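Visitor: Chain by chain, the residues:
There are 2 protein chains.
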Amino acid sequence: MRISELSRRSGVPNATIKYYLREGLLPPGRATAATQAEYDETHLRRLRLIRALVGVRGLSVASAKQVLEAMTEHRTDPHEVLGIAFGIRPSGSGDPGAAEDDGTDGTNPEAAALVEAMGWSVSEHNPARQIIDRTLRTLRSLDVAYDWQALLPYAELAERTARYDLDRIESITDPLEKAERAVLLTFLLEPALMALRRLAQENESTARHGGRAHP
Amino acid sequence: MRISELSRRSGVPNATIKYYLREGLLPPGRATAATQAEYDETHLRRLRLIRALVGVRGLSVASAKQVLEAMTEHRTDPHEVLGIAFGIRPSGSGDPGAAEDDGTDGTNPEAAALVEAMGWSVSEHNPARQIIDRTLRTLRSLDVAYDWQALLPYAELAERTARYDLDRIESITDPLEKAERAVLLTFLLEPALMALRRLAQENESTARHGGRAHP
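From first to last, the protein sequence lines are chains A and B.
For the first sequence, position 39 matches number 47 in the working numbering, and the numbering has no gaps at all.
For the second sequence, position 183 matches number 191 in the working numbering, and the numbering has no gaps at all.
Derived by calculation from the structure, the hints in this document are not laboratory data.
Given the structure is predicted, the values throughout are model-derived calculations rather than measurements.
Check the hints yourself; a few may be wrong.
Identical chains share a label here; the pair holds if one copy fits it or two copies do between them.
[Unchecked claim] Derived SDA-like pairs: lysine to any residue, alpha-carbon spacing no greater than 20 angstroms straight-line:
1. LYS186 - ASP151
2. LYS26 - THR181
3. LYS186 - MET126
4. LYS186 - ALA153
5. LYS186 - ALA41
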């Protein structure tokens, strides 16, 4: 297909595709004339993955390029590819997935205690660890007595959530396609999962405190 | 206590407290001299609630004032107060909790189908409905075939999450304090709950695809 059709089918503007080509995120098409090239389904799929990393995971173009290269290098190992997509595995020099320094020593002791209590096998590099410790610190700064043990029931529900998540991508065999889908579902579903919690909270509050449901 | 101690104990800067006093969010203290006033524990608690609404729920000062007035008016009914705190119940003229118009007809049919299937009692005004429909539209625009039925297993987990959430504030009897805590826990816990999901995903991926855990 021509670049215009690639643009139409991916929803990515022409100029953006050309930018990705120049930056080497997207491999060049097969040249058919001095200023014309043919693209195929692999380009379309790669473009979707780029959009997932840049638009959904929020990586810079330079970071996305590193991640794509590392993913391609390990493409036969789905676990490795997923790890790189999520920023858990280092993707080469630099570490675009690493969370910014927040002045702590980086050990995140509360996340570590929680992971151990759950018996989870989780990399030290998983940026989610830092979010756990930071959230608990914030809550305590607001006088809410909350520690990692208070998160244990939620961790058990998260375990079941993750099983549903992985079920949804189980049947995808191509590791890069699997990674794209995993990034999309992990990050894009977040607002919906939190919205479900709020709907369920209202329902639960109605059940406990009575009160008519509002129209 | 003097305003300086109120500032120290709440962590809210002196100037910000004076601003809340001028705007009528915080009731005046008891005047002890021409330029001096005494504040008490009710001021401290109200200040924490203001911070929860403005800093955590992200309301404007004007919206927070409306919400506070509506909450005070209904303070004997915890269900009503929680509904106002979350923006589910209208808080008077204007509707600071209402989600912005996104060009749809506002019926959110997928959220409605989900709520009905779950048998939930949830207000039409709950802004979380819109997030459900918007997320599903976004996923489909990226060629991920996902509808409200795919969210059902997650909704069941959300139901259990909400039970834990409400358990945590069950013992608080003062409705305004309960509302403050509910806003804090609902909004501040969100990143931690999503972080738990990511940790659990890595663990589940390791279990399914093998691969050594990274150091």
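Visitor: Quick one: LYS26 to THR181, C-alpha cut-off 20 angstroms, is that within a copy, between copies, both, or neither?
Guide: neither (29 angstroms within a copy, 61 angstroms between copies)
Visitor: Evaluate LYS186 and ASP151 at a C-alpha cut-off of 20 angstroms and name the case that applies: within, between, both or neither.
Guide: between (42 angstroms within a copy, 13 angstroms between copies)
Visitor: My question is about LYS186 and MET126: at a cut-off of 20 angstroms on alpha-carbon distance, are they close within one copy, between copies, both, or neither?
Guide: For LYS186 and MET126, neither the intra-copy (26 angstroms) nor the inter-copy (30 angstroms) Cα distance is at most 20 angstroms.
Visitor: When no copy is named, should LYS186 and ALA41 be tagged within, between, both, or neither for a Cα gap of at most 20 angstroms?
Guide: neither (34 angstroms within a copy, 70 angstroms between copies)
Visitor: At most 20 angstroms between CA atoms: does that hold for LYS186 and ALA153 within a copy, between copies, both, or neither?
Guide: Answer is between: at 14 angstroms across copies they meet the 20 angstroms cutoff, but 40 angstroms inside does not.
Against the hints set out earlier in the document, violations occur for numbers 2, 3, 5.
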